[in-house]
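**Student:** Go ahead and model the full structure; you've got the sequences and the hints to work with.
Chain by chain, the residues run as shown.
Protein chains: 2
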Amino acid sequence: MPSEKLANRERRRHQGEHRVTLEDVARHAGVAPITVSRALNTPEKVSTKLRDRVDQAVKTLGYVPNLIAGGLASAGTRVIPVVVPSLSILTFIEVIHGIQQTLENAGYQVLLGSTDYDLNREAALVDSVLGYSPSGVIMTGLHHRDTTIDRLRAWGRPVVELMELGTSYIDMNVGVETSEAGACMASHLVERGYRRIAFLGTGMDRDYRARYRYHAHREVLERAGLDGSLLFQNDEPASYEAGRRVFLEALEAQPDIDAIHFANDNLAAGAIMEANRQGIRVPDEVAIGGYLGLSLAEHLTPRLTTVVLPRFEMGVRAAEMLLDRLAGRERHAQRVDLGYRLAVREST
Amino acid sequence: MPSEKLANRERRRHQGEHRVTLEDVARHAGVAPITVSRALNTPEKVSTKLRDRVDQAVKTLGYVPNLIAGGLASAGTRVIPVVVPSLSILTFIEVIHGIQQTLENAGYQVLLGSTDYDLNREAALVDSVLGYSPSGVIMTGLHHRDTTIDRLRAWGRPVVELMELGTSYIDMNVGVETSEAGACMASHLVERGYRRIAFLGTGMDRDYRARYRYHAHREVLERAGLDGSLLFQNDEPASYEAGRRVFLEALEAQPDIDAIHFANDNLAAGAIMEANRQGIRVPDEVAIGGYLGLSLAEHLTPRLTTVVLPRFEMGVRAAEMLLDRLAGRERHAQRVDLGYRLAVREST
DNA sequence: GGAGTTTTTGGTAGCGCTACCAAAAATATT
DNA sequence: AATATTTTTGGTAGCGCTACCAAAAACTCC
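The listed protein sequences correspond, in order, to chains A and B.
The opening residue of the first sequence carries number 1 in our numbering; numbering runs sequentially from there.
The opening residue of the second sequence carries number 1 in our numbering; numbering runs sequentially from there.
Bear in mind the hints are in silico, worked out from the structure with no lab data behind them.
Wrong hints could be hidden among the right ones.
Quick look at which bits of chain A chain B covers, simulated, 3 or more residues with Cβ under 8 Å [said to hold, decoys possible]:
| id | segment |
| --- | --- |
| 1 | 40-54 |
| 2 | 234-246 |
For the chain B half of the interface with chain A, some residues (derived, Cβ under 8 Å), not all of them [said to hold, decoys possible]:
| id | residue |
| --- | --- |
| 3 | T21 |
| 4 | E44 |
| 5 | V64 |
| 6 | L72 |
| 7 | S88 |
| 8 | Q109 |
| 9 | L111 |
| 10 | T301 |
No residue lacks a Cβ here, since even glycine has one placed at the ideal position from N, Cα and C.
**Tutor:** Structure representation (structure tokens):
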């Protein structure tokens with residue numbers, strides 16, 4: 001014969017770890033739970049008198065709203081996952097900064113995910129973070145596994161893909177025409193009269209945006225009747241040291257190189273600093289151009305010519321596009337080209 | 001007379017937005033919902049046969065676990081808020097990187113919060129993120145509002161405070177003795193024979209760790225019979241440009257300064273690069289020391305002498321301490337001194 | 001074959017809040 | 001004063017999963 005079951009109100013979970021709930025606040029304030037919920041979330045629907053009582057009870061009891069329960073009840077949280085390929089590259093750091101600042105000011109929280117340039121890892125990460133019923137998602141880049149694209153499209157909530165612009169994106173896209181940006185620097189070097197122009201990068205097997213810029217670079221050179229195949233790369237992550245190394249490798253392999261288009265400013269800066277140490281005069285002996293627009297570029301000797309990518313603004317804009325969608329506004333186009341600009345300085 | 005109420009099963013929320021639930025998976029696999037939950041979360045408690053059926057159903061239906069509901073049911077999520085004062089300062093970026101990589105590899109997600117050095121904002125942020133029933137929290141620094149300290153202590157889950165070490169911390173503390181680190185550089189400069197040593201910083205009204213290092217610097221100098229009051233600062237955030245500016249201000253105000261202790265490497269690097277442009281020979285005319293250990297320090301000409309703070313490792317360690325606590329292990333002490341090291345290079 | 005133990009599977013109330021429906025109170029209009 | 005409308009407040013089932021309790025099945029030992 002079955003043992004006697006506990007009465008409903010005797011059957012409690014998590015014995016011994018009681019936290020103040022909205023129910024407690026309601027009892028303390030002498031109102032219904034839904035009135036407490038309204039006082040906190042839509043105060044304009046509650047009379048001043050009751051609002052004051054609720055606020056007093058919240059303070060007195062030290063109540064912290066359980067956003068998990070609220071999220072379950074309302075089918076969503078104020079969390080926004082931001083998925084980037086790397087947290088050790090300044091590009092993404094500044095973008096995250098722009099996103100985080102904008103979202104936090106709007107009362108949202110950023111859930112940070114890093115894929116290490118692995119699309120399978122990205123797919124698993126997306127599945128994981130969607131479990132938190134976020135309000136929207138911000139992804140980096142347009143390259144994903146088909147499963148990821150299908151999942152996010154089917155999900156039906158706002159998705160922003162940032163960094164490079166493309167013609168096929170899940171929901172919204174903000175960034176720059178990365179190939180054009182590469183072509184811009186290549187054109188600049190050609191117009192400056194350099195003839196033996198190399199492209200130097202690292203980790204380009206994973207960083208397809210750098211590959212796009214190299215392809216554009218190559219096209220510009222070949223259209224100008226120059227050799228576009230001068231490519232030097234290794235598998236290291238981008239760093240000053242990697243820039244230093246690949247710079248020396250390139251000059252040793254091809255001493256007649258008269259200009260170098262670096263895949264990014266970290267590499268270019270590493271090269272310029274090494275050139276300074278070795279007495280290689282930039283741009284007299286070899287011109288150097290970069291990509292990104294790191295603030296360091298303005299302080300080097302010589303100051304670095306670079307293509308400036310508006311990273312912080314990209315983050316801000318991605319967040320704003322998402323927030324507008326969430327608020328039912330359509331202030332932004334679905335695809336926003338932030339543009340880049342060529343900062344011509346002393347190194348070319 | 002009251003209108004007829006909907007039957008319970010006819011009364012549904014969120015009409016028109018059905019997502020696959022664990023219940024659907026259970027029906028499809030022909031098992032109870034709790035068996036699906038077990039298959040996904042504790043598979044060793046489910047027979048192979050049923051596990052396979054569940055996995056198949058998950059794939060077929062494209063089920064994504066609702067972590068909100070799971071979090072409510074189990075009184076917690078696998079989210080870890082990480083609260084830092086700024087996302088534009090490399091120090092914290094590298095720490096976040098260490099945290100995020102370690103937590104993500106352990107199946108946790110980082111919720112990113114930034115306080116902009118405002119303790120009131122920090123208090124509000126803490127209240128907000130606790131609402132997600134996180135497993136633990138990582139804070140930056142030991143200075144908080146009393147309300148924040150009380151709240152986190154009462155919360156009763158793991159809390160790690162990182163960056164500087166102290167004697168009073170909420171739960172766990174990992175970092176370095178920041179005053180000693182400041183004293184270390186000051187001692188080095190004194191031992192090198194410099195007599196007119198200035199301390200240069202920015203934003204020190206907010207950055208109390210920099211103030212601690214200055215106080216320690218001052219003590220070392222005065223104990224050596226030197227003038228410890230040579231302090232130059234402004235209110236800008238730390239940047240190469242700020243470093244450049246405050247460097248020129250200091251030299252103009254006190255041309256006899258023969259060494260400078262910078263509050264961080266960004267400032268020091270800005271100064272070195274400006275010195276290069278203006279033909280000021282470092283360390284011959286003025287020695288320069290920094291704090292942090294930025295990788296840039298090794299590439300400047302002259303290479304920067306600095307106190308290296310293990311930032312990435314600090315992040316990794318903070319995350320590991322939290323994870324150990326969550327797993328019921330006690331591999332780490334509650335207070336971990338990571339130590340710093342003085343990297344003596346060419347600039348002193 | 002039966003008793004005892006362990007493993008596997010299941011039922012369901014509850015986690016905390018809110019969407020939905022509705023009642024009560026207050027205000028405006030006639 | 002009565003009626004109509006608007007504002008404010010309330011009841012409760014349900015959001016999706018799981019802790020807790022329990023039953024069923026499988027296994028071991030005698």
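**Student:** Are the hints correct? Go through all of them and say.
**Tutor:** Evaluated hints:
Note: the segment 40-54 of chain A has 0 residues with beta-carbon separation from chain B under 8 Å; the three-residue rule is not met and the coverage is violated. Interface restraint, the segment 234-246 of chain A with chain B: holds (4 residues with C-beta to C-beta distance below 8 Å; minimum three). The criterion of a C-beta within 8 Å of any C-beta in chain A is not met by B/T21, whose closest approach is roughly 12 Å, and the hint is violated. Here the hint on B/E44 is broken, as its CB sits about 21 Å from the closest CB of chain A, past 8 Å.
Using the Cβ-Cβ criterion of 8 Å, the hint placing B/V64 at the interface with chain A is satisfied: the shortest such distance is roughly 5 Å. Restraint check, B/L72 versus chain A: the minimum CB separation of about 5 Å is within 8 Å; hint holds. Annotation: B/S88 was flagged as interfacial toward chain A, and the flag holds, the nearest CB pair being 6 Å apart, inside 8 Å. About 5 Å separates the beta-carbon of B/Q109 from the nearest beta-carbon of chain A, less than 8 Å, and the hint is met.
With a least beta-carbon distance of about 5 Å to chain A, the hint placing B/L111 at the interface is held under the 8 Å criterion. For B/T301, the suggested interface contact is upheld, since its CB lies about 5 Å from the closest CB of chain A, less than 8 Å.
Hint compliance for this structure: hints 1, 3, 4 are not met, and every other hint is.
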